[in-house]
Every structure is written in C-alpha cells, then in structure tokens.
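Residue numbers (this note's numbering), protein chains in the order written: chain A, 1 to 323; chain B, 324 to 879; chain C, 880 to 1163.
Please note that the accuracy of each hint is not assured.
[Stated by the list, open to error] A short, non-exhaustive set of chain B residues, derived as facing chain C with CB atoms under 8 angstroms: (1) Phe673; (2) Met704; (3) Asn705.
Honestly, the hints are just simulated from the structure, not real lab data.
Backbone N, C-alpha and C define an ideal beta-carbon position, used for all residues, glycine too.
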Amino acid sequence: MRLSAMSPIVRLITQRITLGILLLFLVSILIFAGTQILPGDVSQAILGQSATPEALANLRAELGLNDPAYIRYFRWLGGVLTGDLGIALTSRQEITATLLPRLWNTLFLAFCAATVAVPLAIILGLLAVRYRNGVIDKLISGFALTSTSLPEFFIGYLLVYFFAVKLQWLPGISTVYVGMPFLERMEAIALPATVLTLVVLAHMMRMTRAAILNVMQSAYIETAELKGLRQIEIIRRHAFPNAIAPVINVVMLNLAFLIVGVVVVEVIFVYPGMGQYLVDHVSKRDVPVVQAVGLIFAAVYIGLNIIADVAAIIANPRLRHPK
Amino acid sequence: MPKAVMKRPHDESCSLLEIRKLRIEATSYSPGGAPQNTVIVDDVSLKLEKGRVLGLIGESGAGKSTIGLASMGYGRGGVRITGGEVLLNGRNILAGGVQGLRKVRGNKVCYVAQSAAAAFNPALRLMEQVIESALLHRVATRAEAERRAMALFKKLGLPNPETIGRRYPHQVSGGQLQRVMTAMALCSEPDLIVFDEPTTALDVTTQIDVLAAIKDAIRDTGVAALYITHDLAVVAQVSDEIMVLRHGKMVEHGETRQIIEAPRMDYTKALVSIRSIEHEEKKPTTKPLLSVRNIIAGYGGGAVKVLQDVSVDVRPGQTLAVVGESGSGKSTLARVITGLLPPLSGSITFAGRTLTPRLADRSRDDLRELQMIYQMADVAMNPRQTVGTIIGRPLEFYFGMRGCERNARVAELLEEIEMGKGFVDRYPAELSGGQKQRVCIARALAAKPKLIICDEVTSALDPLVADGILKLLLRLQKIEEVAYLFITHDLATVKAIADSIAVMYRGKVVRYGPKTEVLTPPFDAYTDLLLSSAPEIELGWLENAIKGRRMESAGN
Amino acid sequence: MSVSSAPLAKGRRRIPIGAAIGLFFIGLFLFAATFAPLISPHPLGEIVGDVWMPMSGEHWFGTDNLGRDLLSRMIYGARTTILIAAAATALSFTLGSILGFTAAVVGGWFDMTMSRFVDLLMSIPTLIFGLVVLSVLPSNVVTLILVMGTLDSTRVYRLSRAVAADINAMDFVEAAKLRGEDRAWIIFREILPNALSPLVSELGLRFIFAVLFLSALSFLGLGVQPPQADWGGMVKENKDGIVFGISAALIPAGAIAALAISVNLVADWILNRTTSLRGGRGNA
Chain A
1 MRLSAMSPIV RLITQRITLG ILLLFLVSIL IFAGTQILPG DVSQAILGQS ATPEALANLR
61 AELGLNDPAY IRYFRWLGGV LTGDLGIALT SRQEITATLL PRLWNTLFLA FCAATVAVPL
121 AIILGLLAVR YRNGVIDKLI SGFALTSTSL PEFFIGYLLV YFFAVKLQWL PGISTVYVGM
181 PFLERMEAIA LPATVLTLVV LAHMMRMTRA AILNVMQSAY IETAELKGLR QIEIIRRHAF
241 PNAIAPVINV VMLNLAFLIV GVVVVEVIFV YPGMGQYLVD HVSKRDVPVV QAVGLIFAAV
301 YIGLNIIADV AAIIANPRLR HPK
Chain B
324 MPKAVMKRPH DESCSLLEIR KLRIEATSYS PGGAPQNTVI VDDVSLKLEK GRVLGLIGES
384 GAGKSTIGLA SMGYGRGGVR ITGGEVLLNG RNILAGGVQG LRKVRGNKVC YVAQSAAAAF
444 NPALRLMEQV IESALLHRVA TRAEAERRAM ALFKKLGLPN PETIGRRYPH QVSGGQLQRV
504 MTAMALCSEP DLIVFDEPTT ALDVTTQIDV LAAIKDAIRD TGVAALYITH DLAVVAQVSD
564 EIMVLRHGKM VEHGETRQII EAPRMDYTKA LVSIRSIEHE EKKPTTKPLL SVRNIIAGYG
624 GGAVKVLQDV SVDVRPGQTL AVVGESGSGK STLARVITGL LPPLSGSITF AGRTLTPRLA
684 DRSRDDLREL QMIYQMADVA MNPRQTVGTI IGRPLEFYFG MRGCERNARV AELLEEIEMG
744 KGFVDRYPAE LSGGQKQRVC IARALAAKPK LIICDEVTSA LDPLVADGIL KLLLRLQKIE
804 EVAYLFITHD LATVKAIADS IAVMYRGKVV RYGPKTEVLT PPFDAYTDLL LSSAPEIELG
864 WLENAIKGRR MESAGN
Chain C
880 MSVSSAPLAK GRRRIPIGAA IGLFFIGLFL FAATFAPLIS PHPLGEIVGD VWMPMSGEHW
940 FGTDNLGRDL LSRMIYGART TILIAAAATA LSFTLGSILG FTAAVVGGWF DMTMSRFVDL
1000 LMSIPTLIFG LVVLSVLPSN VVTLILVMGT LDSTRVYRLS RAVAADINAM DFVEAAKLRG
1060 EDRAWIIFRE ILPNALSPLV SELGLRFIFA VLFLSALSFL GLGVQPPQAD WGGMVKENKD
1120 GIVFGISAAL IPAGAIAALA ISVNLVADWI LNRTTSLRGG RGNA
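Construct the complete structure from the given sequences, taking the supplied hints into account.
Below, the structure written as structure tokens:
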C-alpha cells in the first residue's frame, strides 16, 4: 500500500534524475564539440603562428588529433568516467590531481557564502512580504535592483579598498593552503565570501519574496484569516508548508548562480580555486583543462537544478497523495 | 443536531447582525500612477435576526461579496471599511481591533467561499482544516470536533463521512469540496455563516444537490446566513428575505415572496422578468443548412474520444441549441465543425457542399459563411486593434472593401448592434462586457454568414446584459436570416432562443428534436435530471425538484 | 462598471527622479561614446605622465598603470563597451526573437528541436560555456560579439517563444485563423503588436547582461584585448594598484555599475508605462 501510494512520485523523481544524467551526457558532447570542432587548431594555438610544420605534426600526433572526433570524444569520456581527466598541455601534470584540492577550495568558499546568504535572503524576503509596499519593502527592492546591476569586481574591489587597504581589517588576497588553521582560513575567505553573498543575495531575496507572496495571496490564506487565526499561526500552518517547495527551488537555482559567480571572485582575490584555474588555462588555451573544469562546473550546475526540481516534486501534496 | 447552548447572555431586543450605514472604499495602485480611491459600498444598512437567511443579490461590482466579508470585519486586497458600524449581537465588531475580530471570525461568523478548491490548503488533510477553528476558539475538544464534523459530513450527504476527512482537497470533487467547506463553517457552531456564491462554479445538476444540502443544514442547525449570489432563482430557494444591490447601493429589500412576486423597483422588476423572452419556435424546414453526420472525434489520435457518433442538423435561419454540462463535448463539436479539430470519422455538409475536415483546406466562401462568436469577448478581440479595424477586417478580407465604402459598412454594422459611430476608434479595453460581445457579433455579421456558432456567448455576462445580447441575436436573425448553432449550459437561455435542441451527455446526443418536442415529457433520465436541475424563480421549486428526481447527478 | 475613462484623462506624467537620473547617465555615456575622438583630452594610447598619478586639474581621473590619462581611456572605453554590448544585444535579439516566434507559430518538430537545443545550451552557465568556447577561438571583437550574442539569444528565444505561444492560444488569433488569414498576417498583425511590450522591456535587461558579461570577460583577460580599452579591461589593468590604496580600478568599475543601474532604472520606467497590455493606447 505504502509503496504503491508513493510510486508516482518515485517515478517522477527517477525520470528527473535520468533526464539530468542524459543532459550531462549531452553537455559533455557540447563542451567537447565546442573545443574540438570550432575553427582554430589546438596545436597551432599552443605553439603559436611561427611554429614549423614538423613541430605541428608532432604535437598533433602526440595529442591524438589525427583520430576522428568521435573516437577522441569517447576516449575522453571514458577517462572522465574513471576519474582520469587527462593531462594538462602546459604543465604536463595530471589534471585530476591538480583539480581536486582546488575543487575543495571552491566548494568551501561557495558553502561559506551560502550559509550566510540563504538564511539572510529568506529573512529579508519574509520581511519584504510582511511589510509589503512599505518602506522596508521599497528599500529591499531598491537594494536588489542596484545590486543585480553591479559587476562582481566592483563590489569586490570596493570591499578590498576599504576593508583591506584603508581599514586593514582583513586580507585583500586570500591565500589558503593545506593544513591551514580553520580560523585563519575563515579570515582569509571573509572578503570573497562577502562578495559572493552580496552577488546572490539580491536575486535570491527577490525570488523568495515573489514565491512567498504567491502563497500568501492564495485563497486558503484568506480562509485561514477568516477562521480567526493569528498571523504567526497562518504562516506556520498554512503558508510555510506550501511555500517550502518554491523557496527550496529558489535557493537551489541561486546556488547555481553562485557557482558561476565564483569564477570572477576567485580571480579578484587570487583564491586558489577552480575558477581561477579555468581562467588561467583559457588564456593559455590549455584545452584539456578547460574541458575538464567546464564539465565539472556544468555538472554542479545541473546537479543543483535537479535537486531544485526534486525538492519541488517531493513537496507537492498532489504528487505525494495521489487520487 | 441541536444547537449548542448559548454561553453568553443574549439580549433579545437586538438583532443578531446589524449593519448601519456601511461605507467601503478601495485603493488601487496602478504602476507609476497615483493611487486611486473608489467607493465600493455606500450607505448600506441591514438587519438580520437569529436563524434567518438574507440573500444579497446583484451584478458583478454590486458590492455584495464586500458586504458579506464586512460582516466579519474583513476587506479583501486594498479594501477598507471607512464608515458605518457592524453590530454582532449588539456589539460593534469594527471597534474591537484585530484581537476582537479574531475572536469573531471562525467562531461567531464563518465563511463559505465560491471556489472551495482554492480555499482549502492543499497540504493539509480535510479534517484538520474542518475542525481548525473549533479547536482554535476552544468550542470543542478534538474528539468532539471530529465527531461533530463527521455528523456534518453525513448530514451534507458526503460519501464515506467517517473517512473523507482523511483525504486531501485535491482527492475530492468540486461539489463535494463545497459541502466540506459548509461543514467547516458549521463545525464551530457559529451564529452566522456568510455564503459567497457557493454554487456558482458548479455544474447545474451538482448545484441543486449542494443547494439542497446547504438549505437543510441551515434549517436544522438554526444558524443565520447571508447568502450572496448573482442568480435570483438560486437565492429565492434558500433565503427568507432578499436585498437587491447595484453599484454598491441598496435598490430594494423585502421578504423573498414580495421581491420575486411583487417587486417595487424597476431594476428588480427587470431582474425578475429576465428569462421571459418571447420566442416563437419555427417549424423545421425540409432542407438543412448544416448537416453533421456520425461524427466521432477525440484528442491524442483517438486515444480520448470526446464525441461519439454525433449527428445534428441546423436549418436555415433557425437556431439549434446544443446543451450539456462541462465535459459533455459541446465545445468540441464546435471545433470539429469549424475545422480546428478534424474528426476521426463522419461527415459535415454545409449549404449543399461537403466541408473538408481540416480548416486549412477550406475555400474562402466556406470560411466566410460559417462564423464563430466566443464566450470571453475580451480575449476574442486583438487588444491592439480598434473596433473599426476589428469589424472592418472581414469586409476587406472577404469583399475587398476599402476606404469610404468599408467605413460606411462598419458604421452600418455598429448601428445594427445598437452601438453608435463613436465607437469606431475605441479599443476593446475601453468597452464594457456587453459592448465587447456586441462588437464580436458585428465582426461575425460583417462576413454575411449563413451560420454563426455561438459558444457560451452569454455565460460570462451579467443576467441583464446577457438578456440584451440574446434579444439582439434574435432580432438580427430576423433581419439577416442567419442560422445559429448555440452552445450553452443554461437551460433558460435555450428556452429563450432555440428552435430545436440537442442535449449532449458524455459525448453523445441523448435527445434531439424541435424545442417543444424535446421539452415535453416523457424524458430520458439525463434530460429529466438536467431540466429538473435548472433553478427557477419560484418559491418551493427546490423541494419539488429534489422530490421528482430519477437520476443521481454526475458530481456525486 | 466604471472602467477606463479616469486614467485616460490625466495626460502625461512627470518623469520620476530615478528614471531622470538614469536618462542623464545614459545620455552622458552615449555622448562620450559617440564623440570620443573629439572630446577626449588625449589619444587612447599616449603616455602622459607617471604611473598612477592621483586625480588633478590636469588629469581629472589621474593616470593608469602605464601613465596614460584615465579620463581619455574612460571615454574611449565607453565607446568600446557600449558598441560591443549593443551589437551583441542586437544579435541575440534578432536571432532569439525570430526563432522564438517561428517556433511558437509553426510548432511541430521545428519547435521541439529548437526548444530542446536551447534547453541544452542553457543547462551550462553562460560564463563557463563562453570561456570554453573562447579558449579555442581567435580573440577579436567579432568573435566576442558572436559568442555573446549567440549564447544570450537562448534567453530571448525562451521569452519570445513563451510570449508568442501565449498569444497564439488566444481566441482572437483563433478567430483570425478561422477567417482564413495567412501566417504572415497572424505573426505580424495579431501576435507581434501584443508581444512588443514584454520584449522591449527585456531589451534593457539583455543589454545590461551584455555589458556585465563583456566586462567580466575583459576583466578575466579574455574579452577586449590591449591596446584597445574597454571598461572591464581597464579594471584588469589597474587592479594591482588597489592593494597599494590606488583607486584607479574603481573608476571604470563604477562606470559599468552606473551604466547598468541607469539602464535598469529607465527600463523599469518604460515597463511601467507600457504594461497595460489590455489597453490599446500605450500612453494610458
């Protein structure tokens, strides 16, 4: 009975996850195609315009560029699936080994930013709904409008200028290393985490406000009000259970933005994460590294989107309790 | 179930509910513009004694719902009570502040909304929501409240009264939800219930059951009620007295019998006489204009069959009314005839020619001679085109008319639909609901059609406006000799306009023939149910109708 | 039924203060961009003094990391930034809206293929995909415009397809089809006039996105290449001064912010004035 009652929801979730995996597979093709088939020869790019034909041919053979594209793709994909991301052209080092500590650094930074940004955005979103059309709401939406228009590096250097240079409270460059004490690490990433928080905060808050407002304007909230419930009870019993899914959705989507925002922020603070790694190797035209990091970013992004959808499915009472 | 003992000392000299000189205003914010104030209700007073039912009736915008909610001290959206008093058991609830209002709401006054489907929290089981206010106001313990709720479910005729409370709102049909909402209102044993159009969203055969259930429940519990509706026939069945409202002001107030049998004001008289259009049925001619034969149609490549073996005829210059409830397939029939949905099998002949199944293959004359008018006039017209363009386009398109010739004909058509030349440059948003529908009629007429398909053209309109549209259509039929295929769910409309009738039920035509024949017994079971369910402005109609029924309605 | 009439009578409103500020800055930037060679005190690449000289009467914004006049570079930077962003926006709009409209009206396999492909493109963050593609393409302005425009056209496609599909399902479009109108009439006379107002307001947002995207790319050293100057690139050039307390990098960064906020304010105002899709008269 229990199982059969749950089955449509399980089916939907399975569907969504399968779709996500398929999408990831297609994205890997797209990333591969984007770096291989477009005009521009990798070996030429590495060696420069003045390279001799022999040197070019040697490099082409070494990189396996003479094989057809689909063989190269499957070779690459096979490697990715077994945890082997290939070898960097520039440094001749294994990408996986270099990447893992940087991935960890990036996720740590994003996680710290999220732990501040998510509760803050939800609280501010709730405040904006509570005092709708009032001064607080106007201030919050004004702040949101402004901060979605600001480039990350403007916020970043403004903070560095005042907090690192003028006031000298925090370091302007985030050096972290393995085995660094936790508090020191937190101090090092305080500024980049703040910038990231500010970058996603406005958007997350605006969307949270819209999601909650949507629930608060439903007819069943009016019903609750006409039962004589207190505001706090209305929110706890009637608004919250219905708002949780859209809010989780909003949070996940914004975490996905946050992952992208990381790239610029890491460059600003010279933070040894994936973003900086990617940017460095794009300018060096180190294609294997770009492919690997691009795929990981895309995977995290798609993963967060899947979580957002699954959360929405689970929280939908119509799916949880089918007819 | 006897009413619980009143705990508070009750002063017999004052009414249960008394509203004095109520004034309600609303502020609307248009983006960028200054806020605008409008008066929604002005100087309305009423008194309601214990156990009585007062019907509030009026068109949309009459302020009837607003008054109903004001009796709970509640204003929807930007609505504010700016003047007057609302006395409940002699105490002004508006003076008690938020705390005081909370003690009244869900305790002494309860509310039943138009759309129960939206008014229930989708994430909570029905029982939780039904007993919520009884627990909140400490009227009963949980066990007591649940027992009471089950008794109410049973009294309201809900299936499985012991277990239905464990279901979620989306697991229960619309008609049943409306009863659960009534049970929810009754559960805390209030003195007064506000019913806000509780049956309007339901199909006609479901409406009668819910109406009867509500009426019984009111009688047996002795609760007083404000019953809000736009349908005089409905309110006549349940209320002891009726107040007629218009533009936020009171027009007339009296006992139900007086209002429907001897109305004093002109507006009330118009409302009462609304469905008495005189229309003499034309005798069927031999040769049909449109002949639909054995149509089978459906969606998803025949996976879902919506029409099963449908055959009907429309005679030149006459009206065939197709009646049925939602889901009967009547609108699908229109889509098949227009070619928007090619049928799986069957044929359609029109003016002696066989129509191709697909719209794209039809000749321009076929398209011209078969026009359509829609239910929602405001989305049937391009909001960026003026009335002149809307009516003028068929003239250009079919007859190649240009310039003065076209403008003259547009003016003529506007004359025909009883609108002046001044409307040529108006946009649809600048017209009232009735005017919009008239422009749509003119657009159809501009093509000089032989047949117009009218899809629920009056059901979105207020009764008086709808009446005007029906009269216009009948007059135009005489002048232009155009035939109508009139799709509707409303039997009163059918009686007013049809020459022949086809009754549809679940994709089949269950009864078909000239009007008098179809409306004369013996009936088949469904037609009987449909005919007996259409409310009439007559005292005691509901009891007789329920007594005489043979078939359970589809909503149960 | 007291609709219309009242709001019509009020006539033109005053421009709100926010929009006025926005218009002022947009005007200023456009002026600088158009007449850059005429108004800039020094040529683009001329070295006029010491590195990172402070603001003075002679050099209003000081000098940059190579001793070039910052004001002159800001003026030329306005030209590059606005031009590339505008070209990318124009490309993304043309591509996105034509494909989106066609998909909505034609439907069928074309709609399916296009929509799934756009879903795929949008499942990779724009900046990441941009970086991946730029790692193999030659770095010049045309590549930049093509990459930015194409990636961003996915968003325009989604919006215009959704808007057009909504309108396409309305009864007045069905009425036109029943009348026998051809596809061109339906797209241009029935759908387009009703789709314009959401699309126009989207135009502003897309332009802001293009400015920010371009600036981010240039800041990362992958956008406009030296000696050309755009604002994002100038932030990159001068960013090393920040840790020494030299604020030169904040000037171009602030200009980007000012441009984006101004466009936002003006787009917001235009949107508010034209939202009444129900009303035929745009000035109501």
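So, going through the hints one by one against the coordinates:
Taken as an interface hint, Phe673/B does not check out: its beta carbon lies about 14 angstroms from the nearest beta carbon of chain C, beyond 8 angstroms. At its closest, the beta carbon of Met704/B sits 5 angstroms from a beta carbon of chain C; the interface hint therefore holds under the 8 angstroms criterion. Taking 8 angstroms as the C-beta cut-off, the interface hint given for Asn705/B holds, the closest approach to chain C being about 5 angstroms.
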